[in-house]
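Use the sequences and the hints to build the structure in full.
Protein chains in written order, with this note's numbering: chain A, 1 to 275; chain B, 276 to 826.
Be careful, since some hints might not be right.
[Said to hold, decoys possible] Below are the SDA-like pairs computed for lysine to any residue, each with C-alpha atoms no more than 20 Å apart in a straight line:
#	chain 1	residue 1	chain 2	residue 2
1	B	Lys483	B	Asp453
2	B	Lys642	A	His178
3	B	Lys642	A	Thr179
4	B	Lys642	A	Arg180
5	B	Lys811	B	Asp763
6	B	Lys642	B	Val674
[Said to hold, decoys possible] Here are some chain A residues the structure puts well away from chain B; computed CB gaps all over 10 Å:
#	residue
7	Leu6
8	Arg10
9	Ser28
10	Gly44
11	Pro46
12	Tyr54
13	Phe121
14	Phe141
15	Pro150
16	Ile182
17	Arg237
18	Trp241
19	Asn258
20	Asp262
[As the list claims (entries may be wrong)] Some chain B residues close to chain A (C-beta under 10 Å, calculated; not the full set):
#	residue
21	Leu614
22	Pro639
23	Val671
24	His672
Honestly, the hints are just simulated from the structure, not real lab data.
We treat Cβ as the ideally placed atom computed from N, Cα and C, and that holds for glycine.
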Amino acid sequence: MKSGVLRFIRHKPAVCGLVLLLAVLLASALAGVVYPGDPFRIVGKPFQPPLGEYLLGTDMLGRDLAAGVLYGARTTLLVGVVATVIATAVGVTIGGLAGYFGGRLDNLLMRFTELFQTIPFFLFAILLVAVLGASIGSVIFAISVVSWPPMARLVRGEFMTMRNREFVQACVSMGMGHTRIILHHILPNTLSSIIVTGSLMVATAILIESGLSFLGLSDANTMSWGYIIGAGRTVLRTAWWICAAPGVAILLTVMAINLVGDGLNDALNPRLRSL
Amino acid sequence: MSAAGPMLRIEGLSVSLPALADRRHAVEDVSLQLSRNEILCVVGESGSGKSVMSRAVLGLFPSRHVQPTAGRILFEGEDLLQATEQRMRELRGNRIAMIFQEPMTALNPVMRIGAQIEEVLEVHHAGDLAARRARTLDMLAAVNLPEPQQILAAYPHQLSGGQRQRAMIAMALALEPDILIADEPTTALDVTTQAQILVLIRDIQRKKGMGVIFVTHDFGVVAEVADRIAVMQHGRLVEQGWADEVLNRPQADYTRSLLAAVPSLMPGPKRDFSGQPVVLGVKALSKSYRTGGNFFGGAARRVDALVEVSFGVRRGETVGIVGESGSGKSTAARCITRLIEADSGQIMVEGIDIAALGQRALRPVRKRMQMVFQDPYGSLNPRRTVGRLIAEGPIVHGVAPATARARALELLELVGLERRAADRFPHEFSGGQRQRIGLARALALEPDILVADEPVSALDVSVQAQVLRLLADIRSRLGLTVLFITHDLRVASQVCDSIVVMHKGRVVEYGPVADVYANPSHDYTRSLMAAVPGRKWSQGNEASNASMRTA
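What follows is the structure, given as structure tokens:
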């Protein structure tokens, strides 16, 4: 484990990503301190360019963009992380059971997974939010529902190979139960792949969330990056900064998460790298 | 033959290792010579540098950190270490060719065999298309491949292991090289196939007057093919000389210990179990696999892995199951331990038919029969300390954790490891040590029956000898009944009281080991016995030992 941390620290892009990610976290944590009050509050004249009275300018209603971006970070991270946790839990459970037990159960669970994979995931997410109504809960639910199948496939593959490894067979021949073998022996050995895929899944979840709010399918009472972009797109030519500020925030966050994910991959699966 | 004197001279060759490796040099100050028309066997255990040394002749180094630091490799007076990449390309394949251990990975899987051999000829501008095709067919015929026309159009996966190795040899010999480097060319093959390939290499070498560097870890193979022998240890040459000298009158201590570790073909003293009850009785065990069928039906291919296999093991006895790959010996072991489900048949463990038990009823019975696995790297969970690995089995069966941990420490001592080993992870141990840990884990449940599936096949010969001694010692101390699966008739003769010879899923012969070895009754057993490499040499040794004893 120690050597894993060391390998991660040596991976320069990953450390850059981690620093960026910590900055985003800090921003969302300090949003209430720096900009107390409601981010939807109108503070001044509309359409003020950046670096004037307000750091990032104001939007078409005169709301402070900087406050919007900071509060938006909260929503975005919350949605990304919670949706990923749910999707990972579902994916690991279904994939693990399918891979471990194989046979009929595997067949059944994988056909079920394919059912989800046949529908274009973004359209499916739009449909779900449209049906359930635009709230933060339904956005998280929609993202989880469209995100778990790849995780299930990955975990199934890992479990299938682990199932035939001799150390697992040794556990069986010692008379251990399935639960013990799955939780104590196979899962810890697949954890690194799950963590890596999960970290990259956060980035995808953020993109889906932004896309949904851009289309107006998000909680109208919650500030999010996608919402700001969606609101500002009509005035893109005259007030570019309204879309640019949250756009850059999404770009940097997703990039940071991807860099961290790559770093984790190298740190946790050192055998994949050549000398 | 033309020039007198050696064709290839390696002088003071040293090859460095990366800074973090456990020793400075892969090869250190090695000097060797190879003449025309001789086979030089380079023998050593894993990590002895024998592969790196032989590949250096072709200018092949495993990475840019492993490079020659001193010495010369003179091929007809030309130093190959100084040669340009262009010059090396001219020599490779053309004058110096190589065959590898695993023909499946050394052949390109998406190219037809014919195209791969023709490509070698094409690279070295040997003739036009028709001439190349004719030459390829000649070569395939020369390595005794049946129906060369069909082989020409086949992909590597469509051939058997032996056929692939023959195709590799055909490819290596296509341009009639002066030197052939063979890196463990028969290690991945079954013994009967190995015997054929060894004869083939010997024949072709004699016919073409080539010099062959034959790298191997197996002294049996060495006794079959070598004219001269070079023994390597830790990157250094410890002994070289004529085959007869090195095999029968070794000078270096290391060579002596290696030769002593080669298991004899003479069965050990006979033990009598006729009065003991049968604790493991296998009756008409059958298992078949279906492949190729799919969701929409389709024609499934049926492979019979086990056909009506029956035998019995008496208390305290060791029964060996021997056979080549695909004979069903491992399937039998896994069916008997219920790791895979047999289609039909009985497995009687002290009067209970465990084949009929459900998973839940089976669990308490499992501890009476424990398994030791082949792969010392794959059979231990890499994320658990050795102590926990050993103690876990008893804990699952209701032993108090503290008691189980104390017992684990005792077991570590029993298998010849230190108690401190309990806090370390499997990757910190060598292959032989891991196999000891695997044994300790199996013993932790205090089983009556131990099923060992090729437990020493992945180990070097000296380590193999140690593990076999340990197994014999523990067996007699604990009165264990052992089912021992192996492909190696030498190992079987040393540990088994009775053997079951399997071929294509069927038991072809079953009896006391001494009887089966002395008078094999089935044709297959006879061919298996005849194929054991170095058989004549071993028998010569035993005869001389016996005469020394009587004298």
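Quick check: which numbered hints come out false for this structure? Failing hints: none at all.
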